[in-house]
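Asks: Listed here are the chains, written in short residue letters.
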Amino acid sequence: MSAPILRVEALSKRFRGLLAISDVSFAVEPGSITSVIGPNGAGKSTLFNLVTGYLPPTNGTVAFKERTITGLATNRIAELGIARAFQIARPFRDLSVAENVRIGALFGKAGVRDVAATTTRALALAGMAHLAEEPASVLTVGQLRHLEVARAIATRADLLLADEPCAGLNPTETATMIDVLRRIRASGVTVVLVEHDMPSVMEVSDRVLVLESGRLIADGTPAEVSKNPQVIAAYLGTPD
Amino acid sequence: MSQRPALFVTIVLAAAVVVAALPLVLPPFYVRVGQLMIYSAGLAVAWTILGGFAGYASFGHAAFIGVGAFAAGLVEDRLSGLPVTLMLPVGLLVGGLACAILSAAVAYPILRLRGTFFAIAMLGVCHVCAELNNNLDVLQGSLGLNFPSIAPAGWDPATFFYELYLVAGVIVFLIAWQIQRSRFGAGLLSIREDEDTARMLGVPTERYKRQAFVISAVLTGLLGVIYAHSLGYITTDSVYRDDTNLNLIVYSLLGGLGTLFGPVIGAFMLVFITQVVLARLLDFHLFATGLLLVVLVLAAPGGVLGFVKSWRQRRRAAATVPAE
Amino acid sequence: MNLIAQTVADGLVLGGIYALAAVGFSLIFGVLHVINLSHGIIVLMGAYLALIFSETLRIDPLLTMPLVMVILFGVGYLYQRFLIQYAVDSSAFGSILLTFGVALMLHNIMIWVFSPDMKNITPTYAFTSMRLGPIVLDAVRVSCLVASLILLSCLAALLKFSPLGRVIRATAQQTLAARLCGVNVRHVYALTFAVSAAFAGAAGIVIGIILPFSPADEATWTLNAFVVVVLGGVGSPAGALIGGLLLGVVSTLTAQYIGPSFPNVTMFLLLVLLLLVRPQGLLGNAFAPSR
Chain A
1 MSAPILRVEA
11 LSKRFRGLLA
21 ISDVSFAVEP
31 GSITSVIGPN
41 GAGKSTLFNL
51 VTGYLPPTNG
61 TVAFKERTIT
71 GLATNRIAEL
81 GIARAFQIAR
91 PFRDLSVAEN
101 VRIGALFGKA
111 GVRDVAATTT
121 RALALAGMAH
131 LAEEPASVLT
141 VGQLRHLEVA
151 RAIATRADLL
161 LADEPCAGLN
171 PTETATMIDV
181 LRRIRASGVT
191 VVLVEHDMPS
201 VMEVSDRVLV
211 LESGRLIADG
221 TPAEVSKNPQ
231 VIAAYLGTPD
Chain B
1 MSQRPALFVT
11 IVLAAAVVVA
21 ALPLVLPPFY
31 VRVGQLMIYS
41 AGLAVAWTIL
51 GGFAGYASFG
61 HAAFIGVGAF
71 AAGLVEDRLS
81 GLPVTLMLPV
91 GLLVGGLACA
101 ILSAAVAYPI
111 LRLRGTFFAI
121 AMLGVCHVCA
131 ELNNNLDVLQ
141 GSLGLNFPSI
151 APAGWDPATF
161 FYELYLVAGV
171 IVFLIAWQIQ
181 RSRFGAGLLS
191 IREDEDTARM
201 LGVPTERYKR
211 QAFVISAVLT
221 GLLGVIYAHS
231 LGYITTDSVY
241 RDDTNLNLIV
251 YSLLGGLGTL
261 FGPVIGAFML
271 VFITQVVLAR
281 LLDFHLFATG
291 LLLVVLVLAA
301 PGGVLGFVKS
311 WRQRRRAAAT
321 VPAE
Chain C
1 MNLIAQTVAD
11 GLVLGGIYAL
21 AAVGFSLIFG
31 VLHVINLSHG
41 IIVLMGAYLA
51 LIFSETLRID
61 PLLTMPLVMV
71 ILFGVGYLYQ
81 RFLIQYAVDS
91 SAFGSILLTF
101 GVALMLHNIM
111 IWVFSPDMKN
121 ITPTYAFTSM
131 RLGPIVLDAV
141 RVSCLVASLI
151 LLSCLAALLK
161 FSPLGRVIRA
171 TAQQTLAARL
181 CGVNVRHVYA
191 LTFAVSAAFA
201 GAAGIVIGII
211 LPFSPADEAT
221 WTLNAFVVVV
231 LGGVGSPAGA
241 LIGGLLLGVV
251 STLTAQYIGP
261 SFPNVTMFLL
271 LVLLLLVRPQ
281 GLLGNAFAPS
291 R
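Residue numbers (the working numbering), protein chains in the order written: chain A, 1 to 240; chain B, 1 to 324; chain C, 1 to 291.
Okay, chain A solo, but in the shape it has when bound (with noise of 0.2 Å):
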């Protein structure tokens, strides 16, 4: 077993009289999806933003390959190989598909790159090849949510973080991500998503952690954590 590419130790944080994530830890192993769910509110976007550098944490450390990155500015971070799809899609409005797609590829991670062949592969992974020269304003949300996730792959990162790519597709839309992501964990890149969707999670990752009210409820398989008793209270209430 290689070590955890991402480690996350006793992460607090506070906002204000708010605790909002409190004392989470947990380890992703390389090359594995890893999803974490919760109840609405639960922190799973703070957590995000904490791993990322968006927000300082109150307390614990994140380590990227061993590396602690707490506190690193955020283009520091993705050129480690750390990057990041939102749910709510940021392209840039007057480029085109391949010209958004090829900004990552310019930048992200350090090390010698090769620009073009890299945002062909990007592309090809997020099943966007069809629609390289179109101006991604005309894009559909779930073109959208492809193109955020072909370009943060197109930066070479080893590891993405997703933010609810699923959220607001139909089925159809829904099943085509998932296999997107299924693509890029056997490229070999690291993915933790937060998501919504339950048979989706349950269907593709190999990990799932809960999150309720900032506290980590559960870690471990799909199967373990859908029979958690505690995991089954915070989403359907206990029976009175």
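Note that these hints are calculated values from the structure, not bench results. Model, not experiment: these values are computed from the prediction. The beta carbon of each residue, even a glycine, is placed where N, CA and C say it ideally should be. You can trust all of the hints, since none of them are fake.
If you only want the chain B side, here are some residues facing chain C, beta carbon under 10 Å, derived: (1) R112; (2) L113; (3) F117; (4) N135; (5) D283; (6) L286; (7) L296; (8) P301.
Far from chain C, some chain B residues (derived; all Cβ distances over 10 Å): (9) R4; (10) A6; (11) P23; (12) P28; (13) M87; (14) V90; (15) L164; (16) E206.
Position chains B and C relative to chain A; hints supplied.
Replies: Positioned in the frame of chain A, the structure of chains B and C alone reads:
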């Protein structure tokens, strides 16, 4: 054209040679208008490296014209023993250096601001530089500064400066062109589109912005040094001009903000309109520029090139509609 | 000691007037998110209108204020509703450039109509002064300060207590929600601009009484307003007052102790310092949703 840089450069240089030959056939008034056109186009392109490419539109770039000009003039004054042929190179070196230092110093605080705050803060920088230049006697802003006459004997000075501006303008243009097609340029473009996302993708946004700012400032300053020499005598009011500040934005807006050719087209057009068309109506200039801005914003926000682009898109869309 | 007190007092008096001159700009920025570069020219319009009315109607300039405010209210409404609104819809920079363009056009028109020379509005009680302990205050300036403070309070009351004020604040905080509640946002924006223009004009009258003015001052008054907003915060009369007072005191202290030729330098350095340390101004954005 982007696939064949050598071809592009050849065409640009060929066009430059043609333009260079014009003073042989043009009457002196038009040679002077030509000077102003080329000078303005150069300034516009230098401005657009920061304003058009990176999206940080500065309302105070005249600051660098002034700083470059005065730095050059003050040093040339001290070194009056030097042979005339060395005066301009020394002036350019000093002026460029002064702008580099000023812009590097100001960049840190000022590039923290975005959009309109940045624009107005730069206007403030220009006014402060002008004020300091004017009121500190050692800088001779109100007293004025004399520049040695550098036109070689036998050359008509108007033609000499025309050619000088042309050389400088082409250099500035090619620098901007090279930036636009480089990784640095792609980074600037992403900063303009969405700075936070660019940063998240690994673009070193802060460093790139500073670089663009300093390059833009230095190129502007160098052109300002030439301008000062062409005037022969400057005061604060000759160089720290609010109408220059305004025009620099209008050139790029008029031609097409964000493009490389836009500022050039815009500069040529605006200089032509004000110097040739409205030549006898000096009182009308402010009004005309203001009206132009209003019309541009309401009717053609993409400028000339934007208008052409959308016209072609509409034609293409109409052509693909099947006939009934 | 007396000199400092006098300088500070002069600064506060000046600052109250700066505050009035800036509050309209601040309101437009806070509610419409527009940087109105025609602000300075509207202030000057107030001054010139007061000059015309006080001379033709032979009344004290401060008494022309209601008339001038009503006129500029109407002008401001039309300007926003039928011109600036389209620029806002068009592009991000659109409103700032459009207002800049209009300012230039009006500047030129003012030069044609009024000439570029400095003018002054002279009230009947000029040249009297009052003593307040060791401090001497010019009666004209004091009355203008009082007028400014009264107007600022009226505006604050309008925003806080009147139905119009509530609608404006609601629209500023959550535009979409306001629309869904049936608010005609364009109309509200135009009313906000109208109010702002009226107060800018009133400020112009006050300024015209105290200082000589000419069309070339328009950029200065716009820049001043910008600085006041950065210093004091966006969208509230209280923020404008704080910013204005701060600017006034800094201006007079600089003029007294560093030299009368450097008012802009200190102001600008203060501006940069504040932008680095607390870019939202001392009182922050008055319309920002509470955490």
